[in-house]
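A.B. asks: Here's the letter readout for the chains.
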Amino acid sequence: MGPRVNTFVDAFRFMADHPHMLLVKTGEHLELSGAALGIALVIALPIGLWLGHLHRGLFLAASVSNVGRALPSLVLIAFGLTILGVGFWNNTAALVILAIPPVLTNAYFAIDQCDRDAVEAARGMGMTGMQVLLRVELPLGLPFVLAGIRIAAIFVIATATIAAVAGGGGLGQIIVNQASYGLSGVVAASLWVSALAFAASLVLTAIRKLASPRQVPVP
Amino acid sequence: MTVAGGPVIPNFGTGSSCEVNNGWFCTDWVREHWGDTLQPALFQHIELVAIAVGIGFVVAVALALAGFRYRLLDPPIGVFSDFLYTIPSLALFQILIPFTGISVTTVEIALVSYTLLILYRNMSVGLRAVPAEVVEAARGAGYTRMQTFVHVEAPLALPAILTGLRVATVSTVSIATIAPFVIAKGLGQPIYDALGQDVFKTEIFTAGGMVIALALVLDGLLVAVQRMLTPWVRV
Numbered sequence: 001m002g003p004r005v006n007t008f009v010d011a012f013r014f015m016a017d018h019p020h021m022l023l024v025k026t027g028e029h030l031e032l033s034g035a036a037l038g039i040a041l042v043i044a045l046p047i048g049l050w051l052g053h054l055h056r057g058l059f060l061a062a063s064v065s066n067v068g069r070a071l072p073s074l075v076l077i078a079f080g081l082t083i084l085g086v087g088f089w090n091n092t093a094a095l096v097i098l099a100i101p102p103v104l105t106n107a108y109f110a111i112d113q114c115d116r117d118a119v120e121a122a123r124g125m126g127m128t129g130m131q132v133l134l135r136v137e138l139p140l141g142l143p144f145v146l147a148g149i150r151i152a153a154i155f156v157i158a159t160a161t162i163a164a165v166a167g168g169g170g171l172g173q174i175i176v177n178q179a180s181y182g183l184s185g186v187v188a189a190s191l192w193v194s195a196l197a198f199a200a201s202l203v204l205t206a207i208r209k210l211a212s213p214r215q216v217p218v219p
Numbered sequence: 001m002t003v004a005g006g007p008v009i010p011n012f013g014t015g016s017s018c019e020v021n022n023g024w025f026c027t028d029w030v031r032e033h034w035g036d037t038l039q040p041a042l043f044q045h046i047e048l049v050a051i052a053v054g055i056g057f058v059v060a061v062a063l064a065l066a067g068f069r070y071r072l073l074d075p076p077i078g079v080f081s082d083f084l085y086t087i088p089s090l091a092l093f094q095i096l097i098p099f100t101g102i103s104v105t106t107v108e109i110a111l112v113s114y115t116l117l118i119l120y121r122n123m124s125v126g127l128r129a130v131p132a133e134v135v136e137a138a139r140g141a142g143y144t145r146m147q148t149f150v151h152v153e154a155p156l157a158l159p160a161i162l163t164g165l166r167v168a169t170v171s172t173v174s175i176a177t178i179a180p181f182v183i184a185k186g187l188g189q190p191i192y193d194a195l196g197q198d199v200f201k202t203e204i205f206t207a208g209g210m211v212i213a214l215a216l217v218l219d220g221l222l223v224a225v226q227r228m229l230t231p232w233v234r235v
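Sequences listed follow chains A and B, in order. Residues in the first sequence are numbered consecutively from 1, following the working numbering. Residues in the second sequence are numbered consecutively from 1, following the working numbering.
Chain A on its own, in the form it takes in the complex (with noise of 0.2 Å):
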């Protein structure tokens, strides 16, 4: 186990040795996920839950995230690269269209499968169908809507390590180039991307479960 320990302590004497470095590539793997799964977000919410509003789109749904899953990250990147060039665009492109599935899929099945009752209701209330929407199915559904974002932060944030070798920044520059950090650079960058990919869900699932709907005790 010597030599394994060892590994470990040298990683963490790394991140003691070079905190500068890498808050600077945390602050570009930050930028690089966070622009992605906006532009995501800004595609795919709409999309989703005005489909799920309407109960259409089911065959969409569905295809949007098998197909979704059967896109390989790298090969994203790779495509990304060889068709947009490098810049700011082809790593951005590959992670957006990474990040849509899981939050269509989501918001569609979230507002689809809602209390029809409740909607029902809304209706009789004499609510438009963007009141009944925006007042009645999202809240509902919220929870479901931040399950699937959270599943985009989490590929996002992976991704974006990988889009190291398309000239992405951030910290999978240094996974991926042990010849300049070494092992001990490898590996703490390692630790550090996962702690900020587990400290991304962690903050989401907190949000939605604050977002949850308390559970009132039935009498």
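Listed next, the stretches of chain A that the computed footprint assigns to chain B, with coverage defined by at least 3 CB atoms under 8 Å from CB atoms of chain B: (1) 4-18; (2) 71-78; (3) 144-158; (4) 167-181; (5) 187-197.
By construction, these hints were calculated from the structure, which means they are not laboratory data. Think of the CB as a built atom: it goes at the ideal place given N, C-alpha and C, for glycine as much as any other residue.
Once you've looked at the hints, dock chain B against the given chain A.
C.D. replies: Here is chain B on its own, set in the frame of chain A:
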């Protein structure tokens, strides 16, 4: 192995003019390198996936049975598999290397870890969803606990289990593309090589297309298995 580390003057070999000019898709390159590059990579990929899903399935069955029998175990197993799933694949490979070295074992441990969450969740949810009345009825009819499990609970959970197997298989095909960051195996390798050689387009599109096709074909095969084993469920 960054792209920027490649030679300054692009060198796409001495093949056809399409290859030399790095055209969008050179069929002659594919024909020439099917035997020595693409087909071996495809077979290696299938092997990586088969081993990972096979081991993952066995481990998940064991965990699901333990979690089903001893309810207390269910939350910690769920949290642990969720935790494994959150670790970025590339990072998990690197964290494992100090323990298992630059080897297939490293890759398989990571791949198995990712299948666990999907398979465990589906098995556990499927078993939990069996209606209590049905189990009661079986017990009332004189079935032993074991018989109830084998003849009632397991068959009713089968659709969820098979769906989990499908999702896990497709995801593993996808994640196995990252294997070349550790060992030169699978369809990720030609992609990785092409990225290093000033982004050789044909190789990237062919190998990338093959991974996606493999995922979709395996998904289709598993849908067929699903229809055969659980004809009462519409897939």
